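Sequence order for the protein chains is A and B.
Going by numbering that gives the first Met the number 0, the first residue of the first sequence is number 0, and it counts up by one from there.
Going by numbering that gives the first Met the number 0, the first residue of the second sequence is number 0, and it counts up by one from there.
Everything labelled a hint here was simulated from the structure, so no lab data went into it.
Wrong hints could be hidden among the right ones.
Straight-line Cα separation of at most 16 Å, EDC-like style, residue types lysine to aspartate or glutamate; simulated pairs [claimed, not checked]:
| # | chain 1 | residue 1 | chain 2 | residue 2 |
| --- | --- | --- | --- | --- |
| 1 | B | Lys27 | B | Asp96 |
| 2 | A | Lys544 | B | Glu10 |
| 3 | A | Lys284 | B | Asp96 |
Quantities reported herein were computed from a predicted structural model and do not represent experimental measurements.
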Amino acid sequence: MNGTVMAAAATNVGNIWINIGIFAAFVVVTLIVVFRVSRQNKSAADFYAGGRNFTGTQNGTAIAGDYLSAASFLGIAGAIAVNGYDGFLYSIGFLVAWLVALLLVAELLRNTGKFTMADVLSFRLKQRPIRMAAAISTLAVVFFYLLAQMAGAGGLVALLLGITDQAGQGVVIAVVGALMILYVLVGGMKGTTWVQIIKATLLILGAGAMTIWVLALFGFNLSAVMQEAVNMAGENGEAILEPGLQYGATAVSQLDFLSLALALVLGTAGLPHVLMRFYTVPSAKEARKSVVVAIWLIGIFYLFTLVLGYGAAALVGPEAILAAPGGQNSAAPLLAFELGGEILLGIIAAVAFATILAVVAGLTITAAASFSHDIYASIIKKGQVAPDGEVKVARWTVVVIGIIAIIGGIFANGQNIAFLVALAFCVAASANLPTIIYSLFWKRFNTSGALWSIYGGLISTIVLIIFSPVVSGKPADPVTGLSKSMISDPSIDFHWFPLDNPGIVTIPLAFVLGIVGTYLSKERSHPEKYAEMEVRSLTGAGAEKATAH
Amino acid sequence: MSDVEASGPVETDYQRVERSDEFQSLRKAFRNFVFPMTALFLVWYLLYALMSTYAHDFMSIRVGGTITVGLIFGLLQFVSTFVITTLYARWANNKFDARAKALREEIEEGAL
């Protein structure tokens with residue numbers, strides 16, 4: 000029935016000029032908004048935290064915009080289309096994780112901190128070593144996440160704009176990076192937040208419309224959508240309804256899945272760009288509302304991706320998806336083309352680009368805040384810095400990180416680095432979350448424990464990744480002769496750690512190291528600082544106020 | 000709250016508040032809500048992850064059409080997340096905020 004459309008979609012998807020036109024319209028609209036909202040961006044609170052004037056609903060929408068990266072929009076829909084049930088498992092970990100943020104982190108962090116994660120961690124511990132450790136771990140998470148987004152941009156360009164040569168893709172990556180720098184420099188956190196809000200709204204409406212469309216084609220019967228997906232999957236198609244298609248092969252791959260599940264559920268509440276969003280609202284109550292709104296939006300969106308994933312399998316078919324440029328990631332765009340032709344594809348393509356732009360902007364402002372506020376102002380200048388001096392450094396950091404992102408994106412283009420998002424979650428869960436939890440809830444916790452936990456979690460994660468099969472040593476593909484590892488030459492193999500995801504080792508390790516480090520140190524405890532932190536975190540006394548304009 | 004203990008350095012205002020009955024009961028109420036709730040959803044999620052990994056045949060049972068036990072179980076994770084979110088928000092808005100606010104005002108006015 001749809002064989003000809005399928006073939007057309009796989010070779011040349013949609014109309015390039017419609018794709019570019021809709022994306023350009025998004026850029027123009029958001030730029031106007033960014034310029035309008037950022038007339039007063041003078042103080043550090045304005046630049047880093049949007050003046051703390053966003054409502055919980057606005058911030059919750061922006062959080063959803065920040066969190067629903069291209070990896071979760073294109074990635075999860077694609078994973079469900081190809082691997083069925085195992086793709087659905089991802090989305091559940093990503094969602095349940097928000098309860099950690101809601102119950103244990105968001106409000107207490109808003110009440111005790113100012114701009115960064117390090118503000119909270121260093122509250123009652125030794126300022127300089129803790130800020131340094133927290134900033135390094137923040138920058139590591141941001142770097143991995145950023146690189147994954149920028150590398151994804153290359154594949155998306157290939158799919159949506161029909162640009163297949165490396166140089167042309169490089170130009171588009173540079174344009175995306177330059178736009179991002181402009182947004183963040185002009186708009187600061189306020190502008191970035193509005194870009195996230197607009198993007199999240201478009202993404203959720205677009206996905207919702209496609210979901211209803213798919214369901215309507217099958218008489219609003221999810222079971223029928225899945226039945227057609229089974230039929231399209233061909234021999235043994237029933238497997239997409241069952242767990243295990245991607246992870247069930249061996250005992251090692253099963254353990255790998257559990258490891259990933261652990262990192263997903265514990266990583267979110269340690270992601271620095273997520274934590275920083277809690278400072279953009281005036282109070283802990285609004286921070287709570289932000290998470291509530293974000294959970295509803297993210298949850299509903301993942302329910303959409305379930306339908307879209309099986310819908311893409313049913314209407315486009317897994318073979319056509321895997322054959323398209325961009326592979327698995329092209330499931331949602333191909334489904335859009337199948338449903339609504341060039342126009343709907345153009346909208347979804349523009350939303351996917353906007354997604355990369357918005358997520359990268361959020362990551363960049365987080366890294367800039369961490370470098371400028373924690374490393375420059377607190378460590379190098381020891382707090383003796385004029386308020387606008389810190390923002391000036393932050394702006395320069397934005398430019399530098401933007402350039403790193405562009406170069407990294409061009410360099411990583413076409414590399415197999417999808418594992419970097421999982422790595423970012425694993426570092427966040429190992430290096431950040433234990434110290435956040437301990438410093439909020441454990442009186443005895445001290446500087447030594449924090450340093451052991453942060454550095455132990457960070458180093459163990461990176462070392463185990465380097466010596467894991469994602470970097471080297473996966474078996475060679477019989478057709479291409481290339482390994483699926485990052486180093487695709489199958490003759491280079493230095494892996495000794497069996498799992499792709501080290502979380503099952505590193506997360507418990509970091510929690511234990513926090514305890515061991517604490518008890519090994521003779522550091523005098525500071526009951527007066529803990530009392531201040533505990534009272535402030537629960538009552539909101541002395542919390543940072545919104546700036547008045 | 001006036002009997003400053005003789006041992007150790009002088010108590011700060013925050014320590015005095017921390018020792019007060021009002022704060023201790025606020026803290027207890029908070030921890031009594033969030034800790035069990037966290038344990039509950041983590042165990043529930045880990046049960047789901049373990050079942051999806053090691054109970055393949057059970058999770059693959061068809062409930063009707065192509066709907067499997069695993070799909071229902073997964074959708075229940077969504078439901079439980081929404082329910083816990085709503086329960087917490089309702090508890091915090093109705094029970095916790097007023098007490099925290101009263102204490103905050105007492106602290107900021109220097110009454111405690």
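Checking against the hints above, which ones are violated? The structure breaks only hint 2.
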